[in-house]
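Construct all of the structure, not just a fragment, from the sequences and the given hints.
Protein chains in written order, with our numbering: chain X, 336 to 447; chain P, 3 to 115.
Hints were generated in silico from the structure; no laboratory data involved.
Don't be surprised by glycine CBs; every beta carbon is placed ideally from N, CA and C.
Some hints here could point you the wrong way.
Claimed, not checked - Result set (DSBU-like, lysine-lysine): computed pairs, CA atoms no more than 35 Å apart in a straight line:
| hint | chain 1 | residue 1 | chain 2 | residue 2 |
| --- | --- | --- | --- | --- |
| 1 | P | 81 | X | 377 |
| 2 | P | 81 | X | 337 |
| 3 | X | 377 | P | 82 |
| 4 | X | 337 | X | 391 |
| 5 | P | 82 | X | 337 |
| 6 | X | 377 | X | 402 |
| 7 | X | 377 | X | 391 |
| 8 | X | 337 | X | 377 |
| 9 | X | 402 | X | 391 |
| 10 | X | 337 | X | 402 |
As the list claims (entries may be wrong) - If you want a taste of the chain X side facing chain P, the calculated C-beta under 7 Å gives, among others:
| hint | residue |
| --- | --- |
| 11 | 367 |
| 12 | 369 |
| 13 | 378 |
| 14 | 379 |
| 15 | 381 |
| 16 | 384 |
| 17 | 433 |
| 18 | 437 |
| 19 | 439 |
What the hints assert, rightly or not - Distance ranges between label pairs, derived from CB positions:
| hint | chain 1 | residue 1 | chain 2 | residue 2 | range |
| --- | --- | --- | --- | --- | --- |
| 20 | X | 380 | P | 65 | 27 to 33 Å |
| 21 | P | 5 | X | 430 | 26 to 32 Å |
| 22 | P | 4 | X | 431 | 19 to 25 Å |
| 23 | X | 375 | P | 20 | 25 to 31 Å |
| 24 | P | 16 | X | 410 | 42 to 48 Å |
| 25 | P | 59 | X | 376 | 26 to 32 Å |
| 26 | X | 374 | P | 55 | 31 to 37 Å |
| 27 | P | 19 | X | 387 | 46 to 52 Å |
| 28 | P | 20 | X | 350 | 44 to 50 Å |
| 29 | P | 29 | X | 447 | 36 to 42 Å |
| 30 | P | 12 | X | 417 | 23 to 29 Å |
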Amino acid sequence: QKEVEQNSGPLSVPEGAIASLNCTYSDRGSQSFFWYRQYSGKSPELIMFIYSNGDKEDGRFTAQLNKASQYVSLLIRDSQPSDSATYLCAVENSGSARQLTFGSGTQLTVLP
Amino acid sequence: SQTIHQWPATLVQPVGSPLSLECTVEGTSNPNLYWYRQAAGRGLQLLFYSVGIGQISSEVPQNLSASRPQDRQFILSSKKLLLSDSGFYLCAWSWSGQGGEQYFGPGTRLTVT
Chain X
336 QKEVEQNSGP LSVPEGAIAS LNCTYSDRGS QSFFWYRQYS GKSPELIMFI
386 YSNGDKEDGR FTAQLNKASQ YVSLLIRDSQ PSDSATYLCA VENSGSARQL
436 TFGSGTQLTV LP
Chain P
3 SQTIHQWPAT LVQPVGSPLS LECTVEGTSN PNLYWYRQAA GRGLQLLFYS
53 VGIGQISSEV PQNLSASRPQ DRQFILSSKK LLLSDSGFYL CAWSWSGQGG
103 EQYFGPGTRL TVT
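Printed below as a string of structure tokens:
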């Protein structure tokens, strides 16, 4: 049973701060990792993907991957109230690259 | 660019009634297609996925079924709904063959009463 674990939160940060979201996974053979943002009542939206160990930056978002530790994280710099949402971590299954296993999500609230 | 549509957006159905949810994708050929269900406050549960017309893989035994009658059309059905079928149903697509990132439609919120 492939598992993806996230702290459900809620995580609250003040506006302008850095929000740090974490995810661990059990499938050691996984090669691709994704972060989705889901606003309340809406469908998930892809915001980042990362394939290699290290950091990947896109605007205010940075994804970090450590395959040895089976750990992936998302940093949001200069957090804004509009970043308040649930963030889902998804991991590609090593046995079937067309399938993703999703974590249950971390609810983030950015306080004005 | 690619677009994914789902309908209806919301649905209220009595227990024991049939169900048909539709998903279509535009702007790509032979996509991989997926049906997920998200219960309130929970993660995404993969129900079905398809790599081509008529090719359906089921991930969870249940009273739901899926069909792919055309390349970019994916349908989720049930003959008799249960209360436990309530949830947010999401269709997603990924690039043909390689998988990778998935893109979600707007979803259908189903309430079984």
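To see whether the hints hold, each was checked on the structure:
{"no.": "1", "hint": "81/P with 377/X", "in the structure": "holds, 27 Å"}
{"no.": "2", "hint": "81/P with 337/X", "in the structure": "holds, 31 Å"}
{"no.": "3", "hint": "377/X with 82/P", "in the structure": "holds, 27 Å"}
{"no.": "4", "hint": "337/X with 391/X", "in the structure": "holds, 25 Å"}
{"no.": "5", "hint": "82/P with 337/X", "in the structure": "holds, 31 Å"}
{"no.": "6", "hint": "377/X with 402/X", "in the structure": "holds, 31 Å"}
{"no.": "7", "hint": "377/X with 391/X", "in the structure": "holds, 26 Å"}
{"no.": "8", "hint": "337/X with 377/X", "in the structure": "holds, 26 Å"}
{"no.": "9", "hint": "402/X with 391/X", "in the structure": "holds, 14 Å"}
{"no.": "10", "hint": "337/X with 402/X", "in the structure": "holds, 15 Å"}
{"no.": "11", "hint": "367", "in the structure": "holds, 6 Å"}
{"no.": "12", "hint": "369", "in the structure": "holds, 6 Å"}
{"no.": "13", "hint": "378", "in the structure": "holds, 4 Å"}
{"no.": "14", "hint": "379", "in the structure": "holds, 5 Å"}
{"no.": "15", "hint": "381", "in the structure": "holds, 6 Å"}
{"no.": "16", "hint": "384", "in the structure": "holds, 5 Å"}
{"no.": "17", "hint": "433", "in the structure": "holds, 4 Å"}
{"no.": "18", "hint": "437", "in the structure": "holds, 4 Å"}
{"no.": "19", "hint": "439", "in the structure": "holds, 4 Å"}
{"no.": "20", "hint": "380/X with 65/P: 27 to 33 Å", "in the structure": "holds, 30 Å"}
{"no.": "21", "hint": "5/P with 430/X: 26 to 32 Å", "in the structure": "holds, 30 Å"}
{"no.": "22", "hint": "4/P with 431/X: 19 to 25 Å", "in the structure": "holds, 22 Å"}
{"no.": "23", "hint": "375/X with 20/P: 25 to 31 Å", "in the structure": "holds, 30 Å"}
{"no.": "24", "hint": "16/P with 410/X: 42 to 48 Å", "in the structure": "holds, 47 Å"}
{"no.": "25", "hint": "59/P with 376/X: 26 to 32 Å", "in the structure": "holds, 29 Å"}
{"no.": "26", "hint": "374/X with 55/P: 31 to 37 Å", "in the structure": "holds, 33 Å"}
{"no.": "27", "hint": "19/P with 387/X: 46 to 52 Å", "in the structure": "holds, 49 Å"}
{"no.": "28", "hint": "20/P with 350/X: 44 to 50 Å", "in the structure": "holds, 48 Å"}
{"no.": "29", "hint": "29/P with 447/X: 36 to 42 Å", "in the structure": "holds, 38 Å"}
{"no.": "30", "hint": "12/P with 417/X: 23 to 29 Å", "in the structure": "holds, 25 Å"}
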